[in-house]
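Please work from the sequences and hints to get the whole structure.
Sequence order for the protein chains is R and H. Once you know that position 146 of the first sequence is 144 in my numbering, the rest is easy, because the numbers rise by one and skip nothing. Once you know that position 18 of the second sequence is 16 in my numbering, the rest is easy, because the numbers rise by one and skip nothing.
Simulated from the structure, these hints should not be mistaken for laboratory data. Certain hints may be false.
Chain copies aren't distinguished; within one or between two, either way the pair holds.
[Stated by the list, open to error] For lysine to any residue, the following SDA-like pairs were computed, each having C-alpha atoms within a straight-line distance of at most 25 angstroms:
1. K113 to G164
2. K98 to E23
3. K113 to Y163
4. K56 to K113
5. K56 to D32
6. K113 to G162
7. K98 to V44
There are 2 protein chains.
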Amino acid sequence: MFCHVAPRPRNAEATRAAILNAARERFARESYDDVGMRDIAGDVGVDAALVSRYFGSKEDLFEAVLDSCDNGADLMAGDRSTFGRRVAREVIFQAKSESKLKGLLILLRSISSTKAMELVQRSANRRFYGPFAEWVGGHDAPVRARLAAALIKGMAVTREVTGGYGMDAGQCERMADQMAVILQDLIDGEPAAAQDDGKLSPAA
Amino acid sequence: MFCHVAPRPRNAEATRAAILNAARERFARESYDDVGMRDIAGDVGVDAALVSRYFGSKEDLFEAVLDSCDNGADLMAGDRSTFGRRVAREVIFQAKSESKLKGLLILLRSISSTKAMELVQRSANRRFYGPFAEWVGGHDAPVRARLAAALIKGMAVTREVTGGYGMDAGQCERMADQMAVILQDLIDGEPAAAQDDGKLSPAA
DNA sequence: CCATTAAGTCACCGGGCGTTGACTAGCGGC
DNA sequence: GCCGCTAGTCAACGCCCGGTGACTTAATGG
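Written out as structure tokens, the structure reads:
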């Protein structure tokens, strides 16, 4: 038996960090309501009471988790001309445990339990939409940023809610390609993200 | 006082229907976990025990609600050439209480409480994705259908999670216009939904 | 080597949930 | 005008949750 394998050296700071990591992982995979203090504590190997002690309340812990996510900043960091391709592949193919979009997953899962959503609203607006719109830049940046974000989120929802895409590998590839093009056009501000017939805000 | 205003005539069938409607409304506005049997019963004006009696369990009730949603069939019914515009305006501007996308809202809210999501997965695949992909038709219909669905869902998520779009009316209008174009191109199978530079799956 | 202090545990509370079995009240048939 | 049947209510159960105060145990400094 592997009982008491590692009695975990007594170190408040490290334990606190471990709890935070476990919580982030849990909240990315299950919803706010489904994640219990006892679950998180169990992942780390401590008592649930300790989680309450260190973070105050479940809401406070959730807020700390939100703050600990790098909300997609690294996606904006790379080469701008490959943004569409990079993001499309990330959201369509990347394993859930990969870190880049963990904040996005948490955001999606928070569409429940009104409390969690309020916290996410503030965090997302301040820490993601603002910077993203600014990074997109150009004419009607907020509009194009929100459209791009919507496509990204929607694809993530599809994947979560359907548990995969129910398509073969070739179809997934072509879907990623098309998504890449749409995203890239959106952030580049190409003529209305498609052939513009002239009716819609033709110039920048 | 308006106590006992309408003692509700004794009619099992009507009461059952009223419960189902109230439940659909609730599940569209709050998550599976946040909606309680007592809430639903309260909306109708009956005891919570009756809800359990009529529908067996909360899961059974939820499943009945899913079956009672017309999953966007009417969106496909109209003129195909105005699909993009109709849907974009519906998802961006329509009041939540409007019925057409109620199934979509429930789907979004179900991204919690693993139980609800499993039920929604089955229902959505069978009753929405299949028919929608078929309706879209043409080359790689499932791929384009999923892209369009992703954009629609993502925009709904944005609206839900941010509680509006945080933009002025003009920006919302332009966003709806751009979204309409993207959607329309997707279901029309226009060259890669944007000007195709030839690198990506150039032909049909 | 022991006292002190912080790290971690344990038992327990109050509350809300879904669900159940016993009960009450309104309606149709004789 | 009573009877039986069923729609609907009531009280309660068991369960699990988040949170708290009292306790135990490990590390540390003199």
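Flag every earlier hint the structure violates by its number, smallest first.
7
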